[in-house]
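Using the sequences plus the hints, can you model the full thing?
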Amino acid sequence: MSNLIEVSGIVKAYGGIKALNGCELEVREGQINGLIGPNGSGKTTLFNVITGYEKVQQGAVTFKGQDITNSTPDHVFGLGIGRTFQLSRMFPRLTVLENMLVATQREEGWLRGVSRLAGSHSERSRALELLDFVGITRLAYEPAGNLSYGQRKLLELASLLVADPDILLLDEPAGGVNPTLINHLADRIRDLNADGKTILVVEHNMEFVMGICSRITVLAQGTTLMAGSPTEVRSSPAVLEAYLGADEEEAALDAALREELEEAARSTTSSVSVTSEPGDRAPAAGGAATEEVLLTLSGVCAGYGGADILKQVTLDVPLGGITCVVGPNGAGKSTVMKTISGLLRPREGEIRFRGELVSGLTPKQVLAKGIAQIPQAHSLFGDMTVLENVEMGAFTVTDRAVVRKRLAEVQELYPIVRDRAHDKAGSLSGGQQRLVEFARCLMLDPDLIMLDEPSMGLDPQTRTMVFDMVAQMNRQGRTILLVEQNARAGLKLSSHGVVLENGQVRLTGSGHDVLTHPEIGALYLGGAVEAAGV
Amino acid sequence: MVFAVFALFPVVITDPTTTSIAFFALVFMVAAASWNIFSGYTGYLALGHAVFFGSGGYALALLTSHLHVSGGWPAFALLPLCGLVGALISIPVGLIALRTRRHTFVVVTIAIFFIFQLAAFNLGFTGGTSGLFLPLPPFSAANFNQPFYYVAFIILLVTLLVSWLVRRSRFGLQLLAIRDDEDRALGLGVKTRRLKLSAFMISAFFVAMIGGLYFDFVGQVFPNTAFDPLFDLSIALMAFFGGMGTLIGPVFGALVLESLQQYLTLSFSSNGTYLIAYGVLFLLVILIMPQGVVPGVRDLLRRRRPAAGGGTLAETDQPLAGAAGATR
Chain A
1 MSNLIEVSGI VKAYGGIKAL NGCELEVREG QINGLIGPNG SGKTTLFNVI
51 TGYEKVQQGA VTFKGQDITN STPDHVFGLG IGRTFQLSRM FPRLTVLENM
101 LVATQREEGW LRGVSRLAGS HSERSRALEL LDFVGITRLA YEPAGNLSYG
151 QRKLLELASL LVADPDILLL DEPAGGVNPT LINHLADRIR DLNADGKTIL
201 VVEHNMEFVM GICSRITVLA QGTTLMAGSP TEVRSSPAVL EAYLGADEEE
251 AALDAALREE LEEAARSTTS SVSVTSEPGD RAPAAGGAAT EEVLLTLSGV
301 CAGYGGADIL KQVTLDVPLG GITCVVGPNG AGKSTVMKTI SGLLRPREGE
351 IRFRGELVSG LTPKQVLAKG IAQIPQAHSL FGDMTVLENV EMGAFTVTDR
401 AVVRKRLAEV QELYPIVRDR AHDKAGSLSG GQQRLVEFAR CLMLDPDLIM
451 LDEPSMGLDP QTRTMVFDMV AQMNRQGRTI LLVEQNARAG LKLSSHGVVL
501 ENGQVRLTGS GHDVLTHPEI GALYLGGAVE AAGV
Chain B
1001 MVFAVFALFP VVITDPTTTS IAFFALVFMV AAASWNIFSG YTGYLALGHA
1051 VFFGSGGYAL ALLTSHLHVS GGWPAFALLP LCGLVGALIS IPVGLIALRT
1101 RRHTFVVVTI AIFFIFQLAA FNLGFTGGTS GLFLPLPPFS AANFNQPFYY
1151 VAFIILLVTL LVSWLVRRSR FGLQLLAIRD DEDRALGLGV KTRRLKLSAF
1201 MISAFFVAMI GGLYFDFVGQ VFPNTAFDPL FDLSIALMAF FGGMGTLIGP
1251 VFGALVLESL QQYLTLSFSS NGTYLIAYGV LFLLVILIMP QGVVPGVRDL
1301 LRRRRPAAGG GTLAETDQPL AGAAGATR
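So the sequences go chain by chain: A and B.
Our numbering applies: residue 1 is where the first sequence begins, and numbers increase by one.
Our numbering applies: residue 1001 is where the second sequence begins, and numbers increase by one.
Each hint should be verified, as a subset may be incorrect.
[Unchecked claim] Cross-link-like lysine-lysine pairs, in silico, DSSO-like; alpha carbons within 30 Å at most:
id	chain 1	residue 1	chain 2	residue 2
1	A	Lys424	A	Lys18
2	B	Lys1191	A	Lys55
3	A	Lys64	B	Lys1191
4	A	Lys405	A	Lys364
5	A	Lys197	A	Lys369
6	A	Lys64	A	Lys18
7	A	Lys424	A	Lys405
8	A	Lys405	A	Lys311
9	A	Lys197	B	Lys1191
Calculated from the structure, these hints are not laboratory results.
Here it is as structure tokens:
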């Protein structure tokens, strides 16, 4: 079987950091090829290298035996390589149909391209045919900017097909897309493959990758770990290690994560069933939580204009513990945090911090009381340096000496703040950005830290590291309120668990109790684990 | 209708003051329309188009004196040549400026503009500060403005025709794609560099041509009038006012703003009161119709007829014409 694309010995460095370090890739003609690897392993960078968006220092890329190393994107596309982007990109102010007509036809001379009308009859009917294929024909005359995220992904795919490329490079086609659409996409990709198109997919969703790919290449830290069939990849200890890390001390947490990964890999069709964990595997997490209560919500009702999202929420956050709020999508987890931090004013009920009434205060006043929030992913200022981002955390602190002292502490705790101090925050990987967010939050020396989905978008290895850091902050005497989609991992870490459903507290208890409660698996974890989609 | 009004205007109204205002308005309508072919479609804000406007003026002055061409119609025949000079100059300018994007591009075009102004002051063949004179046309004083008016009008029609053709072509669609997401366009095989330069050249051609005509009308060309930073800003503001990236918007903007400015200056002398009226008008447009007057009014009309608006998509049997209309 011949290779359509061959990549060998690629070295791509940004400053001193090697994003790709001698990586190899073979893309088999006529197959659906997968490319996986933990966050920051260089998957997207490799895509950029193949398609000419990034220049490499060493190595070679060939397409059909022809050298295309360090080519330009338009040239690469002209040869028959089409790609999509991780965060899908299209032309928002053009209509969907116009989006479909932008792509230059292959073997089209410059003058012909310039003088040609946009959309001859045959081109238009071809474009409509393709829109029909992905299922968005009815949106043809809408501005593309009005499409939903999933529809954009479909449009992006369809707009490539106009030029009839030989190979499609898809960067996380299933990322941020609901399960129905994931199945739809998987079917479309299989159809295209059946029509003779070669496909290379980068994806975090293991179920998706294992389900559609016949050959998978695994990247780790910029090098190729292995390549083989899904079964080979699944059973390779090296791959698991790359994803999970192999630290003995973290064995307990790892075991759960490993199980999840295996589960996802095993069940390509059936939904994941949750068995209650044997008690001995759960770590005695959450430090020494006393019975003293730091924060209390009593009878809180709140919402955004319309109906209440929170309906009479009453919960305690014990001093010195980790309290984890879990529940299905839309249960009101993030709303609880917004209400505490003052971004949302409760319609009814009260919130007390150290016995003092804090409901009704402005976010700034709440912050001054010592309650800090780390919002859902991507809250750093990407164009500012790491150091500037961390310093931003202390902009309300006027005493310079205090700021210096805390900065030193934070750098001690998170070496990355020192090592990458002058790099742009946007250049860090997802996990590294989380650490910088933690560092920024600690600059205020808060008593209560609220974490909204700290593990979102992270691979298992990075997630373990982030959870470790959460536990570490807790050990230093800070109380943590955690909202976590990945209920199992979150509860394992926590001393207290709260299950929220439909704006109401359904269950409270120790993290372990909640996790092993007979009702919980059926009600919440099933969905939650699936959504975590390791 | 609009065509007839423009065509008959100087026949009906022969007052030289009014016809000269109309001529100036036409000059800016052409300039704004050609600026729009590049900046409006690609989203690259060029603030140095006076380079081509002035070059057109100098080109005509030099051509007429070296070729011993007399004023009036023989000089008008040289205008396409002035356009070519502008297009030629735009090649090195474009090659340099188009290496950059966004804000950097704006700054680079301004910088290149000042280089040209300095050069005009200091080079021998431009006559330095004393400038150059153009041959006097043999038109009678009473009907002096009319030939200029009609030539400008023809150039406007050609410019609009070209702008329309560009918008309808795949070339134009790709320019709009560059405006929305240049990197993605590259990834779809769009030869962005060539396309941007082509649009830049077309744009420069028409600005230089109308520049030649303008300075022929004025009779002389000086460095500070040929390379006037206010011209750079004016045409951009006119395009914004009317609606950038639309076919008619920039022309409409130029018509309103240039006529208004000329009228106010003449009525209230140039003591600056017109600037206040100008500013108020601008603020109103930005507040009410941030996309510009033409797209703003179109949206209003569409909202007025919700039933018809909802049906247009299904009714249009030529989908692309309808689709193009949405961005025009």
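Outcome of the hint check:
{"no.": "1", "hint": "A:Lys424 / A:Lys18", "in the structure": "holds, 16 Å"}
{"no.": "2", "hint": "B:Lys1191 / A:Lys55", "in the structure": "holds, 18 Å"}
{"no.": "3", "hint": "A:Lys64 / B:Lys1191", "in the structure": "holds, 23 Å"}
{"no.": "4", "hint": "A:Lys405 / A:Lys364", "in the structure": "holds, 23 Å"}
{"no.": "5", "hint": "A:Lys197 / A:Lys369", "in the structure": "violated, 59 Å"}
{"no.": "6", "hint": "A:Lys64 / A:Lys18", "in the structure": "holds, 27 Å"}
{"no.": "7", "hint": "A:Lys424 / A:Lys405", "in the structure": "holds, 23 Å"}
{"no.": "8", "hint": "A:Lys405 / A:Lys311", "in the structure": "violated, 43 Å"}
{"no.": "9", "hint": "A:Lys197 / B:Lys1191", "in the structure": "holds, 25 Å"}
Comparing the model with each numbered hint stated earlier shows that hints 5, 8 do not hold.
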